[in-house]
Amino acid sequence: MVATTYFSTPLILLIICGSAFTVYFGFRLQNATMAESEVKVEREHEFPQGCLSLDFDEDMDQLLSKYKQVYILAPAKGAGTTFENFQRECMKTTETTVGNIILNREEEMESGFQNHLELPSLLASHAMRDDMMCDLMQHATKDSLIIYSHREETDRLLSATKHVLVTRLCFGDFGKEYRVSGAVKVVNKTECHVRQSVLIDVMKKLPAEMHIGSTQLLTCGVYDCIRENRPNLVFMNYKQAGKLQQLLAKHHCPKSMQEVQSNMGSDRIPVLIVLEGTDNKDETLVPVEEWLKAKAQLLELVFRMKRTASCQGTTREIEDGLFTCSNQTLLISGQSFQDYTRPFPF
Numbered sequence: 001m002v003a004t005t006y007f008s009t010p011l012i013l014l015i016i017c018g019s020a021f022t023v024y025f026g027f028r029l030q031n032a033t034m035a036e037s038e039v040k041v042e043r044e045h046e047f048p049q050g051c052l053s054l055d056f057d058e059d060m061d062q063l064l065s066k067y068k069q070v071y072i073l074a075p076a077k078g079a080g081t082t083f084e085n086f087q088r089e090c091m092k093t094t095e096t097t098v099g100n101i102i103l104n105r106e107e108e109m110e111s112g113f114q115n116h117l118e119l120p121s122l123l124a125s126h127a128m129r130d131d132m133m134c135d136l137m138q139h140a141t142k143d144s145l146i147i148y149s150h151r152e153e154t155d156r157l158l159s160a161t162k163h164v165l166v167t168r169l170c171f172g173d174f175g176k177e178y179r180v181s182g183a184v185k186v187v188n189k190t191e192c193h194v195r196q197s198v199l200i201d202v203m204k205k206l207p208a209e210m211h212i213g214s215t216q217l218l219t220c221g222v223y224d225c226i227r228e229n230r231p232n233l234v235f236m237n238y239k240q241a242g243k244l245q246q247l248l249a250k251h252h253c254p255k256s257m258q259e260v261q262s263n264m265g266s267d268r269i270p271v272l273i274v275l276e277g278t279d280n281k282d283e284t285l286v287p288v289e290e291w292l293k294a295k296a297q298l299l300e301l302v303f304r305m306k307r308t309a310s311c312q313g314t315t316r317e318i319e320d321g322l323f324t325c326s327n328q329t330l331l332i333s334g335q336s337f338q339d340y341t342r343p344f345p346f
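For the sequence shown, our numbering assigns the number 1 to the initial residue and increments by one for each residue that follows.
Hints listed in this document are in silico derivations from the structure and should not be mistaken for laboratory results. Positions of the beta carbon are idealized from the N, C-alpha and C atoms, including for glycine. There could be a bad hint or two in this list.
Claimed, not checked - Here are the computed distance ranges between Cβ atoms for each label pair:
| no. | residue 1 | residue 2 | range |
| --- | --- | --- | --- |
| 1 | 303 | 167 | 48 to 54 Å |
| 2 | 204 | 141 | 38 to 44 Å |
| 3 | 185 | 138 | 46 to 52 Å |
| 4 | 276 | 141 | 55 to 61 Å |
| 5 | 185 | 135 | 43 to 49 Å |
| 6 | 302 | 339 | 35 to 41 Å |
Stated by the list, open to error - The list that follows gives simulated cross-link-like pairs (lysine-lysine, DSS-like), each with its CA atoms no further than 30 Å apart:
| no. | residue 1 | residue 2 |
| --- | --- | --- |
| 7 | 243 | 293 |
| 8 | 243 | 255 |
| 9 | 204 | 189 |
| 10 | 162 | 293 |
Full structure from sequences and hints, please.
Following this line, the structure appears as structure tokens:
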């Protein structure tokens with residue numbers, strides 16, 4: 001009896017310790033598995049899974065090799081003119097087949113369609129209306145890729161304002177009345193003086209270059225069209241236009257590898273805003289860049305520029321992902337070159 005008790009006690013202790021060991025490490029393993037699963041779920045919802053590289057032989061390069069037809073859309077001041085000129089040089093198109101006519105002017109579509117047997121495999125255009133974007137989302141084939149050259153709206157508006165002042169107010173018919181009255185003056189062809197009251201008037205009139213941005217183009221209706229039609233759609237920061245051109249040239253015009261840049265503004269005269277004096281004080285001249293920087297956060301509110309905006313939350317969600325990508329290029333909808341399907345909304 002004594003011997004039996006002597007050998008049983010260590011055995012019992014060993015069994016107890018082994019059970020504790022199993023429970024402890026089983027718990028740790030379960031927690032580790034749950035943590036790994038949670039990380040995996042979080043990563044599945046992160047934007048970087050839709051990010052595209054613009055380097056040769058990488059994501060976008062392979063995507064362009066997959067699709068037969070490519071459309072490029074851009075808001076005003078979103079590299080649209082740059083891409084239109086690139087397309088014209090790349091595809092050797094005439095005015096009757098450029099993307100701006102085929103994509104925007106419904107009454108001229110048929111004539112543009114009939115003018116040539118072979119139609120351009122690359123079409124670029126400023127997007128003018130949200131319904132035009134919906135038409136493209138609805139009718140683009142499964143072998144088509146749509147690339148939207150995006151620019152954050154407030155930044156785009158400030159750039160468009162400077163563009164309108166120089167090209168249409170200081171010169172051009174739009175500003176003729178203001179120049180005759182002396183409210184706008186071009187001084188020695190080296191600088192342009194614009195009274196603040198004139199600039200305010202322009203803000204209220206919102207010429208097309210200032211008006212056509214994400215507020216008018218990226219609407220709930222457009223996002224519904226994306227969801228319902230699942231086009232192959234990529235958003236790209238407009239600043240990446242040069243990189244994209246290199247890839248487009250490789251697939252659509254290998255002999256035209258020179259980058260095209262348009263409306264860069266480097267050769268334009270400076271614009272100074274004339275602040276009307278008060279209390280017998282002299283007028284003050286302020287560079288338009290300084291004026292816009294000082295007013296930027298309130299411009300859209302004061303002049304109610306986003307009164308017709310819709311689904312801004314979706315646009316900002318896309319921007320969060322877009323600007324996270326190293327090449328600031330994001331697959332929004334459709335299939336990647338690896339046949340991974342990108343759901344929309346995310």
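Here's how the hints hold up against the structure:
1. 303 to 167: 48 to 54 Å: Given about 21 Å between the Cβ atoms, the range is violated.
2. 204 to 141: 38 to 44 Å: holds (42 Å)
3. 185 to 138: 46 to 52 Å: Check passed, 49 Å falls within 46 to 52 Å.
4. 276 to 141: 55 to 61 Å: holds (57 Å)
5. 185 to 135: 43 to 49 Å: Cβ of residue 185 to Cβ of residue 135: about 44 Å, so the range 43 to 49 Å holds.
6. 302 to 339: 35 to 41 Å: Between residue 302 and residue 339, where Cβ atoms are some 49 Å apart, the hint is violated.
7. 243 to 293: holds (29 Å)
8. 243 to 255: holds (16 Å)
9. 204 to 189: holds (27 Å)
10. 162 to 293: holds (12 Å)
Checked against the numbered hints above, the structure violates hints 1, 6; every other hint is satisfied.
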